[in-house]
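For the record, the sequence lines run as chains A and B. To convert, count from 1 in the first sequence and add 48; that's the working numbering. To convert, count from 1 in the second sequence and add 154; that's the working numbering.
Below 27 Å or equal to it, Euclidean Cα-Cα: the simulated DSS-like pairs (lysine-lysine) are:
hint: 1; chain 1: A; residue 1: Lys-58; chain 2: A; residue 2: Lys-71
hint: 2; chain 1: B; residue 1: Lys-182; chain 2: A; residue 2: Lys-71
hint: 3; chain 1: A; residue 1: Lys-58; chain 2: B; residue 2: Lys-184
hint: 4; chain 1: B; residue 1: Lys-184; chain 2: A; residue 2: Lys-71
Keep in mind that the hints were calculated from the coordinates and are not lab data.
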Amino acid sequence: MSKQRINWYKYAAPANFYPLAGKLIPLFAVPAAILFIWGMYVGFFVAPPTDAQQHEYYRIIYIHVPAAWMGMFLYVLMALYAGIGWAFNARLGSMMAQAIAPTGAIFTFISLVTGSLWGRPAWGVWWVWDARLTSTLILMFLYIGFISLQSSIDDVRRADRAGAVLAVVGVINVPIIYFSVQWWNSLHQGATITSNSFKMAPSMRSAMLIMVGACWLYSIAVVLVRVRHIIREREQEAPWLAESPA
Amino acid sequence: MGGFGFYVWGSYGISFVLLAGEVLMLWKRKRNIARRANPEIASSETQLNTSLQGIQ
Chain A
49 MSKQRINWYK YAAPANFYPL AGKLIPLFAV PAAILFIWGM YVGFFVAPPT DAQQHEYYRI
109 IYIHVPAAWM GMFLYVLMAL YAGIGWAFNA RLGSMMAQAI APTGAIFTFI SLVTGSLWGR
169 PAWGVWWVWD ARLTSTLILM FLYIGFISLQ SSIDDVRRAD RAGAVLAVVG VINVPIIYFS
229 VQWWNSLHQG ATITSNSFKM APSMRSAMLI MVGACWLYSI AVVLVRVRHI IREREQEAPW
289 LAESPA
Chain B
155 MGGFGFYVWG SYGISFVLLA GEVLMLWKRK RNIARRANPE IASSETQLNT SLQGIQ
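Build the full structure now, drawing on both the sequences and the hints.
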């Protein structure tokens, strides 16, 4: 009995990954939409009506925390793909990094805006130059820098390498964001969910984790759509593309 | 929302607009790629637009 093994290296070639990505998109997009609706339902109709300390505005947590987590996760993923593209000269790695950057930037922006809308009633200010907020703003600038750098260089492979250097060096900011509330005095609260404790009511926690799942699936779906566009734009002269549907 | 509707709905509204905007931009990009790959579609659309402008 011999097990048939999947040759994963095969999918490092854009020509093989392009149709696979097309098949995977609905598998992530449809559950993402379902989870978004379910998460909002649990968050607004099942979770306790009012938090003892945070009143009704605590409900911002269901979008703020998933967006902040996605901003950080996607940056690490982008740097990893950019690093693979750089170290192994793998075109698809660089294309994936390019595809992840706008989604990561959008989630980081959402975390900053929703954080500001939460900070106003909770702290009395829209913004403070606190370690958590400032390092998240730097993350936003790193995304913008990566996107701008890549689009400002005409030679695609040179742009990939320059972007990879920025992405890999910028990874240092992610643990700084995560541990900033422990390392420095901060207005921002500490981690609500850690590996061994959940400081939330079960229904609140469920709503938040469902929304985290929704954001993950959404991100995978849009990144796959975008990487297909990037493949089409970069490999437009390739004969295999003429036979592939858009 | 206990007087905090602006903050709560504002957060979800902005998030929805940004994510929907991302999907819309991807759809537009796909359409532009298809147009570039198929100049006949682009030229027929241009002709259609010109004729419509002529009617208006």
